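Participant: Each chain, written out:
Number of protein chains: 2
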Amino acid sequence: MKALAIDVGGTKIYNTIVDENGNIVANVEKHSTPKTFDGIREILMNIIKSHENEADVVAIATAGSVNNENTAILGSTGNIAEGYPKMDFMSLSSKKVFVENDANAAAWAEHIIGVSKDCSDSVMLTLGTGVGGGIIVNNKLLKGKNGAAGEMHFKMYPDKRRKCTCGAYDCFEAYASGTGLRKTAVELTGNPDVTTYDVINEVNAVLKHPETSGGISKTDILRTASDDKYIQAFLKWQDDILTGCIGLANLFDTCMIVLSGSMAEFVDIDYIEKELNKEIVTTYTKVRKATAGNYAGMIGAALLAMNVGLKNERNC
Amino acid sequence: MKALAIDVGGTKIYNTIVDENGNIVANVEKHSTPKTFDGIREILMNIIKSHENEADVVAIATAGSVNNENTAILGSTGNIAEGYPKMDFMSLSSKKVFVENDANAAAWAEHIIGVSKDCSDSVMLTLGTGVGGGIIVNNKLLKGKNGAAGEMHFKMYPDKRRKCTCGAYDCFEAYASGTGLRKTAVELTGNPDVTTYDVINEVNAVLKHPETSGGISKTDILRTASDDKYIQAFLKWQDDILTGCIGLANLFDTCMIVLSGSMAEFVDIDYIEKELNKEIVTTYTKVRKATAGNYAGMIGAALLAMNVGLKNERNC
Numbered sequence: 017m018k019a020l021a022i023d024v025g026g027t028k029i030y031n032t033i034v035d036e037n038g039n040i041v042a043n044v045e046k047h048s049t050p051k052t053f054d055g056i057r058e059i060l061m062n063i064i065k066s067h068e069n070e071a072d073v074v075a076i077a078t079a080g081s082v083n084n085e086n087t088a089i090l091g092s093t094g095n096i097a098e099g100y101p102k103m104d105f106m107s108l109s110s111k112k113v114f115v116e117n118d119a120n121a122a123a124w125a126e127h128i129i130g131v132s133k134d135c136s137d138s139v140m141l142t143l144g145t146g147v148g149g150g151i152i153v154n155n156k157l158l159k160g161k162n163g164a165a166g167e168m169h170f171k172m173y174p175d176k177r178r179k180c181t182c183g184a185y186d187c188f189e190a191y192a193s194g195t196g197l198r199k200t201a202v203e204l205t206g207n208p209d210v211t212t213y214d215v216i217n218e219v220n221a222v223l224k225h226p227e228t229s230g231g232i233s234k235t236d237i238l239r240t241a242s243d244d245k246y247i248q249a250f251l252k253w254q255d256d257i258l259t260g261c262i263g264l265a266n267l268f269d270t271c272m273i274v275l276s277g278s279m280a281e282f283v284d285i286d287y288i289e290k291e292l293n294k295e296i297v298t299t300y301t302k303v304r305k306a307t308a309g310n311y312a313g314m315i316g317a318a319l320l321a322m323n324v325g326l327k328n329e330r331n332c
Numbered sequence: 017m018k019a020l021a022i023d024v025g026g027t028k029i030y031n032t033i034v035d036e037n038g039n040i041v042a043n044v045e046k047h048s049t050p051k052t053f054d055g056i057r058e059i060l061m062n063i064i065k066s067h068e069n070e071a072d073v074v075a076i077a078t079a080g081s082v083n084n085e086n087t088a089i090l091g092s093t094g095n096i097a098e099g100y101p102k103m104d105f106m107s108l109s110s111k112k113v114f115v116e117n118d119a120n121a122a123a124w125a126e127h128i129i130g131v132s133k134d135c136s137d138s139v140m141l142t143l144g145t146g147v148g149g150g151i152i153v154n155n156k157l158l159k160g161k162n163g164a165a166g167e168m169h170f171k172m173y174p175d176k177r178r179k180c181t182c183g184a185y186d187c188f189e190a191y192a193s194g195t196g197l198r199k200t201a202v203e204l205t206g207n208p209d210v211t212t213y214d215v216i217n218e219v220n221a222v223l224k225h226p227e228t229s230g231g232i233s234k235t236d237i238l239r240t241a242s243d244d245k246y247i248q249a250f251l252k253w254q255d256d257i258l259t260g261c262i263g264l265a266n267l268f269d270t271c272m273i274v275l276s277g278s279m280a281e282f283v284d285i286d287y288i289e290k291e292l293n294k295e296i297v298t299t300y301t302k303v304r305k306a307t308a309g310n311y312a313g314m315i316g317a318a319l320l321a322m323n324v325g326l327k328n329e330r331n332c
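Here the protein sequences line up with chains U and V, keeping their order.
Just so we're aligned: the first sequence equals residues 17 to 332 in the working numbering.
Just so we're aligned: the second sequence equals residues 17 to 332 in the working numbering.
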């Protein structure tokens, strides 16, 4: 069995073919996401027309929350063309079409073929410009009553009033995202022009020229430069991620917290795991980086569409 | 089928008989919780010896996290006799013995016979001296990899450094509990002797003599007394509960948040529901007070022990 997998994001649309083992078995094609509903629909129809004969099902990973029937988007999606959430995905192919939120799909890919594949319970955080999330409870995606569960919009500092992309204030996303790191750096330096890259470049510079050396952690090295405001911002951002992970570990008693996305590579995972397990009241929780790759969303949507799951047992 | 239901708390142990419909069908007996392991074990053995012939199973709701096999406590329990978590519950009766965390059990009682009985997904918060929690996902208790899930220890103000009973700082419990209300009132008044009752008495006084009247909410009335530091503390406490509920609604896309416990009666539920639904990115979430009563822990443990559950369908 094979799936035509499509990932619809705010800036790019990708497509490829995925088999039942989660292998990508065709070229990955890339398109810019059109600014209009009709433009997006035309690209989706062209992709499906060209490739549906190579697959048994069509699996779409998309921005936005997806209903429990995996047929349609719930509510709005932020940075995609107006009207896109009303897309009638089911009409795009005569074959079965299956839709899931991109972060949920990526969490499923980690659960089946990635770093959390031996875990019945895991929470994946995608740290990029924003923060996405996907939660696995006892080998099933946590979807909630309508399918919108897994939104990482719990508040971090309810009295700070930092605006979040969701329209509310002070959500985890507003602190733990790349944008959050930039805002923290702007606050600490007083310079409104600081970028996320400025901070990351400084972090990399300090890590290349540590004042101390030998067997100490990245976080320990960075702490030797604690009078550097960029480094302070980075360490605060990392601790904000830690804080969110502690809450998630206490709520879910999950086997593993998986960090994915472009910003995850800068996080000192060992530090997060060590500090988290000092604080939680549940049981030992692993923290790991994602391993299912950049196309995890397509792979996960394909595996879900083909009903590839693990046996319903606690296994970690 | 009937269960001998026992509730082991930090100060009292209760027991009664519960039928498959969740009805209490015998007297509720009450004992002070002994300070020693042996004392608790003796009371449990006496209860079971006296009443096990009236029931088919023994159902124990207890302080502390309980494993996924429902046989034993995980880790420590805080305010009960040292060694209690190592109790061999299974040896107490020749009949089936079933153990569950008290807040989880109470959440199950609400799910089967209480306010959330038409909900596939609900989150119950028990607001008392501390904060307990029980989470239902798709008609099942959320237990996590080892059974400890549902701990409401996500951080509210990570930079405030208010000590929590769990040993960490700034958890939801440290703000949303009765103790949290007292601490907030102490902070705002500068008076270390303020009690929770002082604040509640002041709230009741203002609500009896409102400066405005007619069709306005309790919260609106209290806001007319906003230069009263006790009232400020109360409103801040209520907003801290709201903040936690927003995060839970976004994580779980749950049908209903159920507030139970002695402190829940003071919360303006309509205010929480209205404000929560303005902020969340998931779908409309109800907020209600619990209705299964003071013995919900025993009822829920009994229903779980007798395998009384709802059909596995989304139904709200």
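Hints in this document: simulated from the structure, not taken from any laboratory.
What you are looking at is a predicted structure, and each value in this text was computed from that prediction instead of being measured.
It is possible that part of the hints are untrue.
The list treats identical chains as interchangeable, and a pair is accepted whether it falls inside one copy or across any two copies.
[Unchecked claim] Below are the BS3-like pairs computed for lysine-lysine, each with C-alpha atoms no more than 27 Å apart in a straight line: (1) K305 <-> K176; (2) K28 <-> K18; (3) K111 <-> K294; (4) K176 <-> K245; (5) K179 <-> K302; (6) K176 <-> K46.
Participant: Taking 27 Å as the upper bound on the Cα-Cα distance, should K111 and K294 be classified as within, between, both, or neither?
Facilitator: neither (50 Å within a copy, 39 Å between copies)
Participant: Quick one: K305 to K176, C-alpha cut-off 27 Å, is that within a copy, between copies, both, or neither?
Facilitator: neither (30 Å within a copy, 30 Å between copies)
Participant: Checking an output row: K176 and K245, CA cutoff 27 Å. Within, between, both or neither?
Facilitator: Both ways: K176 and K245 sit 19 Å apart in one copy and 21 Å across, limit 27 Å.
Participant: What label fits K28 with K18 when the C-alpha limit is 27 Å: within, between, both, or neither?
Facilitator: The answer is within: 23 Å in one copy meets 27 Å, while 59 Å across copies does not.
Participant: Given identical chains, is K176 near K46, meaning Cα to Cα at most 27 Å, within a copy, between copies, both, or neither?
Facilitator: Classified as neither: same-chain Cα gap 40 Å, cross-chain 47 Å, threshold 27 Å.
Participant: Cα distance capped at 27 Å. Does K179 pair with K302 within a copy, between copies, both, or neither?
Facilitator: between (31 Å within a copy, 25 Å between copies)
Checked against the numbered hints given earlier, the structure breaks hints 1, 3 and 6 and satisfies all the rest.
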